[in-house]
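Chemist: Read off the chains here:
There are 2 protein chains.
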Amino acid sequence: MGRIIAITNQKGGVGKTTTAINLGAALALSSLPTVVIDCDPQANTTGGLGFARDPGRRSLYHGLLLGVPLEELPLSTSQENLSLIPSEKNLVGANIELSEQPEREHVLGKKLASLRERFQFILLDCPPALDLLTLNALVAADSVLVPVQCEYFALEGLSELLDTLARVRRTHNPKLAVEGILLTMFDDRTNLSHQVRDDIENFFGNRVFKTVIPRNVRLAEAPSHGKPIFAYDPDCRGAESYRQLATEVISHDSQGVGEGAQRAYSGA
Amino acid sequence: MGRIIAITNQKGGVGKTTTAINLGAALALSSLPTVVIDCDPQANTTGGLGFARDPGRRSLYHGLLLGVPLEELPLSTSQENLSLIPSEKNLVGANIELSEQPEREHVLGKKLASLRERFQFILLDCPPALDLLTLNALVAADSVLVPVQCEYFALEGLSELLDTLARVRRTHNPKLAVEGILLTMFDDRTNLSHQVRDDIENFFGNRVFKTVIPRNVRLAEAPSHGKPIFAYDPDCRGAESYRQLATEVISHDSQGVGEGAQRAYSGA
Numbered sequence: 001m002g003r004i005i006a007i008t009n010q011k012g013g014v015g016k017t018t019t020a021i022n023l024g025a026a027l028a029l030s031s032l033p034t035v036v037i038d039c040d041p042q043a044n045t046t047g048g049l050g051f052a053r054d055p056g057r058r059s060l061y062h063g064l065l066l067g068v069p070l071e072e073l074p075l076s077t078s079q080e081n082l083s084l085i086p087s088e089k090n091l092v093g094a095n096i097e098l099s100e101q102p103e104r105e106h107v108l109g110k111k112l113a114s115l116r117e118r119f120q121f122i123l124l125d126c127p128p129a130l131d132l133l134t135l136n137a138l139v140a141a142d143s144v145l146v147p148v149q150c151e152y153f154a155l156e157g158l159s160e161l162l163d164t165l166a167r168v169r170r171t172h173n174p175k176l177a178v179e180g181i182l183l184t185m186f187d188d189r190t191n192l193s194h195q196v197r198d199d200i201e202n203f204f205g206n207r208v209f210k211t212v213i214p215r216n217v218r219l220a221e222a223p224s225h226g227k228p229i230f231a232y233d234p235d236c237r238g239a240e241s242y243r244q245l246a247t248e249v250i251s252h253d254s255q256g257v258g259e260g261a262q263r264a265y266s267g268a
Numbered sequence: 001m002g003r004i005i006a007i008t009n010q011k012g013g014v015g016k017t018t019t020a021i022n023l024g025a026a027l028a029l030s031s032l033p034t035v036v037i038d039c040d041p042q043a044n045t046t047g048g049l050g051f052a053r054d055p056g057r058r059s060l061y062h063g064l065l066l067g068v069p070l071e072e073l074p075l076s077t078s079q080e081n082l083s084l085i086p087s088e089k090n091l092v093g094a095n096i097e098l099s100e101q102p103e104r105e106h107v108l109g110k111k112l113a114s115l116r117e118r119f120q121f122i123l124l125d126c127p128p129a130l131d132l133l134t135l136n137a138l139v140a141a142d143s144v145l146v147p148v149q150c151e152y153f154a155l156e157g158l159s160e161l162l163d164t165l166a167r168v169r170r171t172h173n174p175k176l177a178v179e180g181i182l183l184t185m186f187d188d189r190t191n192l193s194h195q196v197r198d199d200i201e202n203f204f205g206n207r208v209f210k211t212v213i214p215r216n217v218r219l220a221e222a223p224s225h226g227k228p229i230f231a232y233d234p235d236c237r238g239a240e241s242y243r244q245l246a247t248e249v250i251s252h253d254s255q256g257v258g259e260g261a262q263r264a265y266s267g268a
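Residue numbers (our numbering), protein chains in the order written: chain A, 1 to 268; chain B, 1 to 268.
Bear in mind the hints are in silico, worked out from the structure with no lab data behind them.
One should not assume that every hint holds.
Said to hold, decoys possible - Selected chain A positions facing chain B (Cβ under 8 Å, derived; list incomplete): (1) L155; (2) L162; (3) D163; (4) R169; (5) R189; (6) D199; (7) G205.
Glycine included, every Cβ here is placed at the ideal spot set by N, Cα and C.
Please model the entire structure based on the sequences and the hints provided.
Modeler: Right under this line is the structure:
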């Protein structure tokens, strides 16, 4: 049974798309069939995997709102084992159209079930907003991976996101676990990067991925060539970091993500 | 060298005072000289340790603002190895008077240094506010222990506190670590308690104490008798939970509190 991971942070520019593409590619490189679903009308993941932003092609929009079965939508990418359900700008309208559906937060989750048989990992790249598309992703997901850019207000945004995750757990998806907080754009030479890393690790302990994604120009360039980093520059530091991240994510499978530490609740 | 732990949460009624008294007493029972400093003008910790709220007696106020050396202030309590620096209502004025001091956030920290030789643990019971007294405690402390009541809005308050802690780390005390998040008033029979525990463990992983403090009527009664739980009902579940908490806090000494997990920062 495939695992559904929502990659989310309501802030833009924190590395969601880079992570969706390259974590997906790294999982596929480990021979694990993986599909990345681009839930963002900006369609950056679609473009970054080499597909033109084509409103004529069937996209997640057709699956969500026009009744096309989701299993018909995955496109093969240039990388073996990696598929994509693309986005396009019509998805902007999905927020409004979804709001008129019964159980509007559960539309994506119900349709995704069929993909769990075929793919080991289903990565949902969320839009940079706490909108109905993101809410559908959080309700559909088994766990949430939160990329956090190493910059001054990293923590302020995080606490807002935690409130949202807590609310989703209370209302729609009590099983939603934290896959991990991923530090991105880490610049070893700046004090600020180290300070942010210390803060986040101090507060969130083992909920922070051991892997840290460095600020790396090759990671930034790869999407404009429509390729995952492993096809563009497989030996750069950015590529290495995403291979490590995939290893961590795979290891969570056996450990049970989000399981609380053993407790000594006395007298219970 | 004694360790300074601030017990803080800007919410009232979460178990700060109960924790200051009974964690302090449990540490003292382990033959570790411990002083509890009552930083709250409401003086509940002072009362709960059997001292009348006496504005005539020298208190933390005299140490902070009237130049009395802090090492002259600890009172012996009925329990061996446990001392108290009491509070009284004049401490209300400390917020204003401190604001006129140079380096107003560091007043307590500078004065506390002398107590580190004499006590193994220095517990600061903070007022239920993010005021200048609490700020002084956070700046003085090595670590912060955050009691969280198992109730619906537990997480909402926590994220606000995290923002404050991050700001203190940036501005005044970069070494401030998270001793742990302590779940209090856990009621095994209610879904809500379990839900809150799951949420908090899901987000904060190993930053959450394994010990959970149960809702326990004996813990609630003990302060009105001016006694730690170990003198009032040493065999109740509440007493057992604070013994376990002390064991966890002591074990942090050797492990290094708040140290981030080892990281695989690739290519650094």
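Chemist: Determine for every hint whether it applies to the structure shown.
Modeler: Evaluated hints:
1. Given the 8 Å rule on beta carbons, the hint for L155/A holds: about 5 Å separates it from the nearest Cβ of chain B.
2. A least Cβ separation of about 5 Å between L162/A and chain B falls short of the 8 Å threshold, and the interface hint therefore holds.
3. The closest approach between the C-beta of D163/A and any C-beta of chain B is roughly 6 Å, which is under the 8 Å cut-off, so the hint is satisfied.
4. Annotation: R169/A was flagged as interfacial toward chain B, and the flag holds, the nearest CB pair being 6 Å apart, inside 8 Å.
5. Contact between R189/A and chain B, as hinted, is not supported at the beta carbon level, the nearest pair being about 10 Å apart and thus beyond 8 Å.
6. For D199/A, the shortest C-beta to C-beta distance to chain B is roughly 5 Å, which falls under 8 Å, so the interface hint holds.
7. Taken as an interface hint, G205/A checks out: its beta carbon lies about 4 Å from the nearest beta carbon of chain B, inside 8 Å.
Of the numbered hints stated above, the single one contradicted by the structure is hint 5.
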